Amino acid sequence: MGNCCDCVTGFFCRPKNTNVRVSLPAVCFVWQIAMIILFGVFIRYDEESDAHWVEFKREHNITSDIENDFYFRYPSFQDVHVMIFVGFGFLMTFLKRYSFGGVGFNFLIAAFGLQWALLMQGWFHSLDPATGKIYIGVESLINADFCCAGSLIAYGALLGKVSPVQLMVVTLFGVTLFAVEEYIILTLLHCRDAGGSMVIHAFGGYYGLAISWVLYRPNLHQSKRLNGSVYHSDVFAMIGTLFLWMFWPSFNSAITDHGDGQHRAAINTYLALASSVLTTVAISSMSQKTGKLDMVHIQNATLAGGVAMGTAAEFMITPYGSLIVGFCTGIISTFGYLYITPFLEKYLKLQDTCGVHNLHALPGMLGGFIGAIVAAAATESVYSAEGLINVFDFEGSFANRGVGTQGGFQAAGTCVAIAFGLVGGAIVGLILRIPIWGDPADDNCYDDEVYWEVRK
Amino acid sequence: MGNCCDCVTGFFCRPKNTNVRVSLPAVCFVWQIAMIILFGVFIRYDEESDAHWVEFKREHNITSDIENDFYFRYPSFQDVHVMIFVGFGFLMTFLKRYSFGGVGFNFLIAAFGLQWALLMQGWFHSLDPATGKIYIGVESLINADFCCAGSLIAYGALLGKVSPVQLMVVTLFGVTLFAVEEYIILTLLHCRDAGGSMVIHAFGGYYGLAISWVLYRPNLHQSKRLNGSVYHSDVFAMIGTLFLWMFWPSFNSAITDHGDGQHRAAINTYLALASSVLTTVAISSMSQKTGKLDMVHIQNATLAGGVAMGTAAEFMITPYGSLIVGFCTGIISTFGYLYITPFLEKYLKLQDTCGVHNLHALPGMLGGFIGAIVAAAATESVYSAEGLINVFDFEGSFANRGVGTQGGFQAAGTCVAIAFGLVGGAIVGLILRIPIWGDPADDNCYDDEVYWEVRK
Amino acid sequence: MGNCCDCVTGFFCRPKNTNVRVSLPAVCFVWQIAMIILFGVFIRYDEESDAHWVEFKREHNITSDIENDFYFRYPSFQDVHVMIFVGFGFLMTFLKRYSFGGVGFNFLIAAFGLQWALLMQGWFHSLDPATGKIYIGVESLINADFCCAGSLIAYGALLGKVSPVQLMVVTLFGVTLFAVEEYIILTLLHCRDAGGSMVIHAFGGYYGLAISWVLYRPNLHQSKRLNGSVYHSDVFAMIGTLFLWMFWPSFNSAITDHGDGQHRAAINTYLALASSVLTTVAISSMSQKTGKLDMVHIQNATLAGGVAMGTAAEFMITPYGSLIVGFCTGIISTFGYLYITPFLEKYLKLQDTCGVHNLHALPGMLGGFIGAIVAAAATESVYSAEGLINVFDFEGSFANRGVGTQGGFQAAGTCVAIAFGLVGGAIVGLILRIPIWGDPADDNCYDDEVYWEVRK
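Protein chains in written order, with my numbering: chain A, 2 to 457; chain B, 2 to 457; chain C, 2 to 457.
Bound-form chain A, shown alone (with noise of 0.2 Å):
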């Protein structure tokens, strides 16, 4: 399987054996058999998916079934769920020869980290100190799939370069990370980000770049013959990117307020994804002498519009707002694609092989500053007082929060996200270094015939 022994840093050095019989097999029953026990423990229904509905109705004068908290987000969950496994699956299949890997073990991991975020998520968030039980419902099953949404972002910088084992353990750790790092943002600091620019996309994103800067390849090129797609891949990519593109507008307003916070999430990010199209197109065709498209540019820079509205996208941003969002991070995500990306590899020894710094990392911290100022310009007029006591949740312990605070709080919470991230990301790479964890060699990258049986 080649060797290795060209690596720089080179603390570790044997022939690579990608063989994962073993260590596949163990990881996925351990686990999974871990997940039942702590399940059994601790997680249990919450009242509206609990048998006892009818008595809870009944004593909470609720008069009617729609009530239940399903019929507000189902639909919206659902379209999240299909973004994870086919929009981030169907993505990363736009490699010639790794399109297994790409919705394969995208599907693996994000089932594995959805049961381990409702764990940790349960603790963090929603743990009944008198009974020690977490309480499940719709809505945490989409906090779930946003939490493994971190993880499958990072699983972008390193597509084509680990193992499944080492995805699980970036994985474990990244769900454990996304929930402290959730719990100090939105709890701690009391931000507002309801699809997740900072605690999904800009965490996410750091953490992927600095687990790929730790393993950084420098012979990498050995298996350049496979960093690129073919015809039909990339129509198989524009399957995840159409998916993504369109749900979206669900993703950022799945979780916001019931009623008027859903209706102006999903218009705001409807209309700033459409912009980043326009400003996408133009950018990559102007990069070509003859003003060619590039897919890349088509496939991944029409989203930067939904990543940097996460935040701000149940504020009262105003649709030309909106659109000014998309307008400007279509632009700048293309521009990365085009000028970052390449420096990165060259001076900071980056390899991001799906470029998620240009589609998550940089327009999800662009989105928690944008949403910071959004916060910090509210005022009272705009949203009537209820309303901006509903929006930014202004209740209890925050009664007294000013909306220029709040901005402030929005503002560092960014910046937590992405110090989690760096932090997180530089520390599991140091983890997934061990040499036992079956990565492939340097001229063995992105190829499916490592990890599976491939019929000619």
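Derived by calculation from the structure, the hints in this document are not laboratory data.
Worth double-checking, as some hints may not be accurate.
No copy is singled out in the list; a pair is fine if it fits within one copy or between any two copies.
Simulated pairs of lysine-lysine, DSBU-like, Cα-Cα distance not exceeding 30 Å [stated by the list, open to error]:
#1 K290 x K225
#2 K290 x K347
#3 K17 x K290
#4 K134 x K350
#5 K134 x K58
#6 K225 x K58
None of these values were measured; they are calculated from a predicted model.
Got chain A sorted already, so can you dock chains B and C onto it with the hints?
Okay, now just chains B and C, sitting in the frame of chain A:
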């Protein structure tokens, strides 16, 4: 088109003629005209889809249009609809030269089957004795899609070996048998089976296997070159897998009780499916010398948790109970692909193209028995007194049935479903051996050229 | 890039230059900036998506957030959104080397069109005279998607023969014309057309055909080698077909009345589509010597029932009436692909790449007339007095209109839609003949290489 004079049982024997130019249009036209006439006689809008709804609302003190069942069930209906047409259809595109037949014939027979299902299920379940009419609404559409699923599962066992005319016959009888067994199981035995482990999967699986057994082709090895996938056909099949996997929570919750019933069924199915993915990967990896994964397992066995939760999803099986179900069925299903399918082919002369035994028949049967056990273990403290009545519908003549009895009936229902599948399938198989249906010769199977204009 | 000096009408004639490096970015940037400015001036959130919703609820005695229109329409909106981007997009991937252009340009023009549609439809339908603003909510998003559909249909006739800049022009004028004809048909003539048989399909179809007729290319046979499918491109196209087919019930019901209106429209469309599949298969099989099916028919004509139900879906057409509509239009559409398209090309010099005449123009026109007949035949006994008023909106200045008159107006509306399509298309076609748009030479059509970086 080759000759089949080596057919072992040999009671019909002449050269194959795959020309369906008369039979296929005839079947489509005549049956569609029959549908129109029967719909004219029997099918009407129900009170929620009729223009009299305004009056109905007033008479029944319904305060809002949102109480119309459309808003409770339409999103789930659409998810189920995607599973039937894209899920089943694309799952069957995995063969290298039978993708047109996989997705195209699936489309044809589902479009016919749902019409016939509306009639058959209507006669058995909702014929108004006063008017002699069947009144349909969104729940009828979901049930019609479910009813088709039985026949589409059977198609999985026959994929590549039968003509479209034969498939229409399979569907005509499949839907008919389905409506009868469903009536016996749900109405006479008063079983609960919201996601159809018994009535859909166990029935459909054994129905297809029995047909395939009767249609055994001793010289099928002559088409061996086409009985396999190529790289891109495996990626197409993943579209089917993922849409089935993602929307299975909607499948199992689509017709459960409003409120907690739908909510809980979705959560349980979501968890069982996640768990199946990890154990499928584990067993698949263990089965290869170097730990490589097999796409066949990932495409199919990952779904076993959804099948096995078809009965129990609406019960209080607990979240960890759901994980355990997915854990076990993922293992069993993957073992099925590794050992049972080859065994069935070699010793029972049963050719099962998609391995429906492992994905539907066996997990469906297990799901039926799991449902029986969970029902028998139900208690008032877990469900609440009202909850128990609601979930198991202990009303009217069943008001005094205990949970133990219910468990027994659930188990009996599973056996009824299997019996209907096996006996019905054997009879339909014999009908399909009449040499008038245009089925392909043994050396001509798994080939789209037989029934499709294929451009070079 | 070849020469076109053989163009018959010949009023512009010089060698083709397909370089769009200036024109495409310029159009994208300028128009997107114009959108931002116009949105800034005109577009605001409506009362259901504005943060003042809490106050609005209180003032209007709305007891629950679930009464927000978002929950009535968002699931349908997302289905429509999938149809626009994945449905139309992937349906147009069927050509062997134009899949990027099919799905990519569809993406671009829909993303532009929906923004322009929000403005145009807003000015005509919902401009508040007091404030001079357009207030948007989820129903506006659905209508914007609908409005794009007209231009995307037109793209189907032009596929492979025009530049992206030309498509932007087609969309700019298409959306403009759409908003005007929609205003005339729905507001002035007070027609009902929830699913747009007239305003979307008849208009869009004839619009595209008229453009294509003006852009007739006598030497298009030089690109004949690329005007066809390969095996996998046909499978990709089935993704488009199936998502269109499955979600068409949502399309036709998305903006109908709450309650029975949406419910009935979904049922009727579901049935018509099912019926179309069987007759399409029948005619397709009859048309070949050995009864083989043609993918072109299955991909397209199966959808004709949905198009033809666009007007009548919300009426009490009865379930068997819906089946009859699907039955007939499936036949007519397939015959169109077999005989009318070749006829149009040979004798009318009309090149229609996707056959939009057979799928949209003709079934749309038929749908308009079917709607007229069903409207004229409406009775109080079938609809109830209130139901009749609700369905046909006989209120205000239309309170005394009878159903017969309504039928007449519906028929007139169909003619208006066709006239707008033909005249508008002819004018736009002439504009597109100006040799500044970068369209390909006759021997260079149907080829992604012209506008895309294609990796070998």
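Problem set entry | Numbers of the earlier hints that this structure fails to satisfy, in rising order | As far as the earlier hints go, 4 and 6 are violated by this structure, in ascending order.
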